[in-house]
Amino acid sequence: MGRYLVRRSFSSLVTLFGVLTLVFFLVRLHPGDVSLLYDDPGMDDAAREAIRRAYGLDQPLASQYVLFLASTLRLEFGSSFSHHRPVAQVIAETIPLTALLAGAGLFVELLAGTGLALLLDRRRAAGRGTIAGTCVLALHSIPSFWLGLVLVAVFAHGLGLLPPSGAGPPGAAAVHLVDRLRHLLLPAATLGLAGAPAIARHLAASLERVSSADFVRTARAKGLSPRAVLLRHALKPALLPVVTIVGLSLPLLVSGALVVEVVFAWPGMGRLAINALHARDYPLVIACTAVAGAAVVAGGLVADLVHAAIDPRVRDAHSSDRVGRP
Amino acid sequence: MSGRAAAVPLAVFGVLLAAAGALPLAAPFDPDAMPDTAALRVLPPLSTAFRVARRDRPDVWATAVTTRGDVLILERAPRPLEVKLSDLSAPVESRTFLLGTDQLGRDILSRCLSGSRLSILVAGAAVAVAALVGTAVGTLAGAFGPRLDAGLMRVTDVVLSFPRVFLVLLLASLFSRSVTLVVLALGLTGWMGIARQVRAETLSLRAREFALAATALGARPARLALRHLLPNALTPVLTEIGLRFAGALLAESSLSYLGIGVPPPQATWGTIVADGRDSLATAWWISVVPGLFLVATALAVGAAADSLRRALIPGARR
Amino acid sequence: MRLALLLTVLSGLSCGDGTRPGEGPAPEGVRAPVRGGEAVIASIVDVESFNPAFARSTFTNDVLRRLFLPLLLEQPDFADHPPSYEPALALSHEFSPDRLTLEFRLRPGAVWSDGTPITARDVAFTHEALTSPEVAWAGVRIKDRIASVRAVDDETVEFRFREDAPSNLRDAIEGLVMPSHAFGKVPFAEWRTKDFSRDLVVDGPFSLAAHRKNEEIVLERNPRYHDAPRPYLDRVVFRILASQSQAIEHVLGGHVDVVEAVPPDAAERIRADRRLDLVVYPNRQIDYVAWNEIEPGAWTLLRGSLEKEGRTPTIEDLKRLKASSPHPLFADARVRRALSLAIDRVDVVDSLWLGFAHPSLGPVHSSLWPCDRALPPFPHDVARARALLADAGFRDLDGDGILDRGGRAFSFALVTNVENKLRERIALKLKDQLAKVGVDVRFEPYEDAYVRKLLSDKNFDARLGAWRVSTKPEVRSSYHSASALSGQNLVAYTNARVDEIVEALETARDPEASDALWREVQSILRDDEPYALLYEPLRLNAVARRFRGVRMNALETYFKLEEWWVADGTSRGR
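From first to last, the protein sequence lines are chains A, B and C. Letter by letter, the first sequence follows residues 163 to 488 in this note's numbering. Letter by letter, the second sequence follows residues 60 to 377 in this note's numbering. Letter by letter, the third sequence follows residues 7 to 580 in this note's numbering.
Derived from the structure by calculation, the hints contain no laboratory data. In this text the structure is predicted, and so the values were computed from the model without any measurement. Where is the CB? At the ideal position from N, CA and C, for every residue including glycine. It is possible that some hints are incorrect.
[As the list claims (entries may be wrong)] Estimated spans, in silico, between C-beta atoms of each pair:
1) A85/B x A396/C: 54 to 64 Å
2) V337/A x T107/B: 41 to 51 Å
3) R37/C x T155/B: 55 to 65 Å
4) I321/C x S225/A: 41 to 51 Å
5) T155/B x V464/A: 52 to 62 Å
6) S529/C x L188/A: 50 to 60 Å
7) L188/A x D83/C: 53 to 63 Å
8) L191/A x A502/C: 48 to 58 Å
9) N220/C x R214/A: 27 to 37 Å
10) L247/B x A396/C: 44 to 54 Å
11) L247/B x L273/A: 30 to 40 Å
12) E134/B x A502/C: 45 to 55 Å
13) L191/A x R474/C: 33 to 43 Å
14) V464/A x T107/B: 54 to 64 Å
Could you put the whole structure together from the sequences, leaning on the hints where they help?
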């Protein structure tokens, strides 16, 4: 396990550097003067000098790259034009809310995905697979922002049951917690339902594979009811690849969280990034992108390590990090 | 390849392309026209309105018309209007706005039909770009040996790790908005799945007899790739493209909703949904209706691509 | 209730103090204001700084004016004459016979929230800070005519002016008085980066209890405020929300009590809610289309070449540039007049503002005293517009519905700010209206920062925007030639007579002469129409009905917030 941990972590580190390099070069693609991107009109000369030194804006590309990597890893992203505060501070304030939303969304996604997969499996067993499959496809065809708007229109404006936007009032009191949950319900549902079909499909395929395996047939031969077979014997092994699937779906989850945050005015990092874009606050946009990429890499690492912890076969394989990926 | 089974999904693709061209022509109203904003604004679906052509102003609309002697009384926002019958230049016409109107009094159905063209074309172009890049990367990775393979797959991993929206966000902040930017941004962030598919096919084909035979005969890797591997790898790519199209359609609409898609005043389904965002409580149809178009199209294309895949790949899993 | 609302709208339309509807008799047994209660006010931006020297946005000023006092308080009575002033920190003021010296006597016994007495030293310190180059106050030009400010004794301040001008009193009292014993501890050079919200010393009706960045600002009653029993409210909370629509939802849901700037299409929902009132009054705003008279790009070229010579552009340079590189479309006054005639302002007001705006009368806002209210509204005449354009040489030669001249089509780009949906719709409506006379408008929305850049570089064709006018009426900033170099004269409009009048108005003391000058300048500007003035929007605010003593008006939204009170026992929410 230890060797696998080292190998996998190293691989993630390389990917992280790749992500940061990609960000660096994309920024350099900007047609105008790149140093202007970091030039906040409201900054005084001392601050401007500090930025210039930190990013090496008047030095050759190679040293700029090194400085960029160094300052990014030190979590020094410069100063935000629109917030007049260090970018790291601004982003740090929004991460907990995005994490909350993403976590809740992931929970809904797994719940709905498992439910749909079980439904698909049942239908397939009964020979009516195509219709159920089409239903899952239909869910897959719904854009998440539109789903969010429809849910708001129905549950908030129409029925008046839930708040249409926001994350609830600030504060940690118990009454606020309940209010926070009320505000979380629709955004998490939107995020989760948008990602559920993908999970459902993979899980259904996995279930199908497992159901035809020997140990399942043995269980059935022993006289256990199909339901008991499914739940007690087939589901657990079928769930193993789900950990990896979760890791794979992280980019979509983070992307989806941005869209959901905009629809529901949820004050997380995604909404911050969009507002930063509209305000032409480049340091903030670049930092958000880098952080989002890094978060996905980190999440993928965690998912793979969890998978390895559960399933010993993964660690022993000789091939590189790409074990278990379809 | 089961010819008959493949015919239906291919027909759907054909219909889609034809739709992109023909749908806008089916619009009952000019999608950009605002004949009488004050009277026609935010009418709910299935509303009927009456066009009263006055000599000095041919486009006066009303939600109800009653007669009183030789005078027509028009019920309209902001206040009722009286028109003498002798001032009319044409008979009163009644029109129905099947899917309602927006805040400027434009017919939503016409806007959605007209917006279909740009939505479909942008999605198609984005998928084409993705297919080109993905095929190139996949073939290079599969046909030219393990070192290039590892390098390209690492690059693929890096781009895959990126949340797509953030990548497009970064691009949108650095360049000015245009249709080209949207197509490139979507295409350059969506090729990874195709690349993997092509690479897998290329690798497996390389191991097969005809490839080994060709190598034995002295064929160079490039020649092998182009003449033999690529044509055989294309089959799964086609189905992948079909699946990607629906994804690109939804992605473009998300970008337009976020305000980083096609620049106004061009309209796609996504921009029309965004138009209705601030009136969701009072005029929900402006946002909801274009979404239905999106879902229907994505579903149709997705289902067609799915059945195409099942038709082409014997024993393929669902 | 409807009658009350109608009366309010009408009284609001005649401008000045827009009293609330529903301000009927207080509940039985409660006749006088009582202390207690809290108001939650929605905002979509946060305070920039708690130091008045750095207040740029209206919201920051709104908050700071609850914490700090000025010398005199301007009254919202500017409809028929220049505004009058009420004593605030200064009880009285007196000019010397030559009007070059102005003496204020401060309120005796007034103290800061930490108990320190407020003295003339604070006033002198404030002037020093506002005019210091390290602080670089944005409004420093206002104090140009003040030669010195000194504390004669603890309660007397003396202002000395370089020359006599009608605005001297106003310029002297501009700005909030700062605590010298607290702010003075920090060197001016460090002011910009210092966080003044900690242990903020104030003298206004409220003090700062808490500031949670981007969440809320909590103000509490200042027990040392000089005008006890005010403020009646115990607490005022400014809650920062994500967007205007979220604010509307919150006020309808009873989570906040006040929302400013309700968009026209939300007005119905506010009116329908029996717990809320819609307060309506003219907003001192003029929406316009600016027609650039210089060819886009020519100004940056000129600036660049002059920079190489080591100098900056002058008015003469500008006039020469106008002659050598005029805008192909808008340099001709006939074209500008035609475009203005083609715009149907009434239709825009009816269909997009839903009646919550007045078509414009001229460059002076109709709620200010120098406005020539005898002027007729700008006409809408499509036939005359077409005739004028034909006169100017535009014909539709290729039959595509767009006018041409010299091989070029009459097509231009209209720049607006993105994120303002109402303005976007107005731009599309204008595009539709102008298409009827054969003019093609390309709609180009950009972010604020980029729009500002385009405007300062004069690198645009036309711009749809809005001005918020001050209660100190002036046409200098948008119409004087010098303002084209560094002001709001976006279009490089130059008219020697207008320049003369602007300068004369700044020193004229005779009210009759002033009147004549105002009338003349408004008449000239209506003829030249460098900007197509569209309409004057009304401000709509939603206020919970349980608050009494609300005096929102065009001068200041939270004017006399210390007078707001809540009848016993009423509370927020469903």
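Legend entry - Hints the structure fails to honour: 1
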